[in-house]
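Protein chains in written order, with the working numbering: chain A, 1 to 288; chain B, 1001 to 1778.
Hints in this document: simulated from the structure, not taken from any laboratory. Using N, Cα and C, we set each Cβ at its ideal position, and we do this for glycine too. Not one of these hints is a red herring.
With a straight-line cut-off of 25 Å between C-alpha atoms, the simulated DSS-like cross-links for lysine-lysine are:
1) B:K1177 x A:K151
2) A:K151 x B:K1137
3) B:K1328 x A:K199
4) B:K1152 x A:K151
5) A:K274 x B:K1137
6) A:K49 x B:K1152
Facing chain B, according to a computed beta carbon distance under 8 Å, are these residues of chain A, among others:
7) S84
8) A104
9) H106
10) C131
11) G133
12) K151
Spelled out from the first residue to the last, the chains are:
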Amino acid sequence: MPFQKMILKLQNYWADHGCAILQPYDLEMGAGTFHPATTLRALGPDPWKAAFVQPCRRPTDGRYGENPNRLQHYYQFQVILKPSPVNMQDLYLGSLKAIGIDAALHDIRFVEDDWESPTLGAWGLGWEVWCDGMEVSQYTYFQQVGGFDCKPVSGELTYGLERLAMFVQGVDNVYDLDFNGAEGDDRISYGDVYLENEKQQSAYNFEIADTDKLFEDFKKAQDECAKLLEAKLPLPAYEQCIKSSHTFNLLDARGVISVTERQAYIGRVRDLAKACCAAMYEKNGWEA
Amino acid sequence: MSDLLIELFSEEIPARMQGKAADDLKRMMSDKLKEAGLTSDTADAFATPRRLALHMTGIPTSTPDVREERRGPRADAPEKAIEGFLRGAGVARADLVEREDKKGTFLYAVIEREGRAAAEVIAEALNDTIRNFPWPKSQRWGRQSVDPGSLKWVRPLHSILCLLDGAVVDLEIDGIKAGDTTHGHRFMAPEAFAVTGFADYKQKLLDHKVILDANRRQTLIRDTAQTLASAAGLELVADEGLIAEVAGLVEWPVPMLGSFDASFLEVPEEVLILTMKKDQKYLVTRDPATRRLANKFIFTANIEPSDDGSAVKQGNERVLAARLSDAKFFYEQDLKGKLEDNLPALEDIVFHKDLGTVADRVERIKKLSRYLADFIPGCDADEADRAAELCKADLVSGMVYEFPEVQGVMGRYYAQAQGESDAVADAIRDHYAPLGPNDECPSAPVSVAVALAEKLDTLVGFFGIDQKPTGSKDPYALRRAALGVIRLITENNLRVPLDQVIRCAISDYYNASLDQLGLMPKIRDCFDASLVIGDNDPEMMKLISSPSLMAQLGRQDDLAKHMIQTFGFKDILDLVDFDAEEDLENVSIAFERYSKIAANTKVATEELPLFSAERLKVQQRDKGVRHDLIDAVFAKGDDDLVRILNRVSALSAFLETDNGANLLAGFKRAANILKIEEKKDGVSYGKPVEVARLGAPEAEALSGALARAKEAAENALISEDFEGAMAALSGLREPIDAFFEHVKVNDDNADVRANRLALLSEIRSAVNTVADFSMIEG
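Construct all of the structure, not just a fragment, from the sequences and the given hints.
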């Protein structure tokens, strides 16, 4: 199954189960969880069901295109179901079936993996899902987001799309993935689409990114976020929080943040995230 | 008598929690039922990834009937009092009976409570158990989680099966109603089915591809893995912990043999094993002939696949191959460079904010290893220095970054690859050891030097910044480090003057920080400046003119630092020309770091030895050595651990003998009398005895014997002949016994009395040459 078809199958499957199919958020972020459709929608009492692809940027994971498994830019497919339905595990397994994973032929396992995001002040319990010994998804019941108890609890599914596609296609190198399913001259591989990007972005992340500018960006995002919170605009404020988080990740990749500073920076992003979540409560008149 | 079956069916329970959860379910239910008056004959609990089950037999059908009589007011009491009594006892007026006794006629309420049906009690107990279950971590889920009081479980709880003699116990928790059905294996037999009791439950589970008993799952995994390995001509590496974990990940274990490309065997096996075991939960195998790791592993699936298993096998092999290629890539990358290439990167790793970077630490460990080499027979100081220099270099290698557990191990491989000697390579691997009381303790001289230095540096540093362990808190594992020092010294019989070594380690701390900042010339300027101030300062002149202090401080630089500390930095700085602001700032930083350590030097020099002594006592006590004997020897103020233990063992053997026991008794008697008389008189009798005025032959004999014994003991001690010293003392038993038998200490003649008391005091001092006998019990 080609990479893009797998995405389409997942979208169709979750659309059939009542999810709004959203498009990627237009900001750089380290994980789909940062998408406002996950983080902010997990807050408060209103039901919500959504599924979307989110490109993720992890500057430190860049390998200049030389490692067959690691990318600084990759895709996650996110599903958020609020409240978590009783049959969520079955729904999830149904989605694997939809992309061609036969549960009678493969060994699918739910292995303990509790999730915590220090930058979002969030945690939940769940598993990493193994298929024949390979982790293909993260499955989490959110308990807290932005320091607030989730009432009700949302269930979050995160599929690492490249890895899943490598499994489904039986490919050992991510760049060899069949992207579009066409033959001959029309064939497009994952490498055709992203190899050069990995090379250039790795160089940017590790070597070129101007750290003075990044430090400045971080500060500006922080200030802007505070200003927007004062104006009681939590949605744009949260965007600044996402920006600060990505700026921090870039600084981290440039190796200019010491161990002690690291904690302080994570703490600053968390403070922004928490403040945005608190502003959401206030704006919507929810009870914490 | 009834039979109870409970099953709590949920989403996947973490493997590590299952065993305790089964025990908790059994304990909580048994306790609660017992409290209500229902004691069972047997209780067995089980756990699989998706269920906790409990089977109890011999439960009474109901709790016992209770009959209680309560005495009330007199029959002729006012109506109000009677009404109050009725309310309190919860009975009607008609139910009261009258009884007469000596004091008159009283009203009695007879309250009879019938026993409660077991089912009712069980429902309550189970409700209570589920709501208060001690999961290490639990969660809310679903629609009901809007309510903060909603049920919490380890993962969403789906159903409750609760049967008492085959009948469903009426029970509902957070919308889940107890029933008689459960589900089989998630993929192979997912349908619901009803059961009638435990035997039926167990059998039907088996039919539905679930083995209830974790022990049976473990046995099956172990036996099948064994068979698979043998069939491949290999030896299974035993790993009961891993088998138990795997048994918690599957309801229907299907072990299979997989393999990986033999070229991966070039990667150090520690890494291969770690990847297979920790990341993938695979059992590993060895070639029985070569003892080397084989390229075959055993994984345990939770399914009998619909094909012959090749899809599952292929999948697992591919995952492993991807992980091993990663490891191989890192290994090959690391081998391209040399360990010393990594050293600059250690400057970026903070060891502790007040103790500098890992590079600083390496610098100190180097110095200290070299210093310690002198005390370690066969230790080449240059090799110790080299091993110390490289001992942390693998921390920034690609491999250790990915697999932190193989720190040291990788360093050894890389050292060998770049042609370091075996002694150096082994020391790099072993310098973390011993990590506990049962871990292997290094014995190769170079390894011992670096291992000791590493631990002493940690101890001195954290004591220096006053981060001592308190109670159960020991975040920097200082107890373990101290025990490591003790084991390294005593098990290798090293004669190390610990106090001196600690002082050396302390000075390394501030010297290193100043040297590194290139500040020694500036410090010398400061020294000159401090002399200018010092000229007018009598305290300073005293310091400079003190030869012993000069000797102690050794170099001019040290003296400068001492001056800075004594006179305050700012004053001195004012007198020195600095080229740049930055220089000044660096000197300030260095000074602050130095003064912080200097201020706490006292803590390190005084408390660290005590801490080490305390650890030694704990360690020896665990080995069955009497702590009072250790105290008695420690009181002598020795810092040579080997000598201390030799002394303790000689003392212990001596006290086992008749002579020893009697001498101890004689000493205690003398010490007691002395204590009482000294207190009464308010004077100390620790003065020379005038033999001529002892006034009794036995006293004179004892005096002579004491002088001889003391001299002999002292001579023996010089050559560390502790048995000899004890033997010298043992000769005192007779004269002491004779003295107490025939001589009255408190003679009427004050002069004689004082002399005899002085004689007792000499017993104390003679015996104390060997150990402080006052600390010995008995």
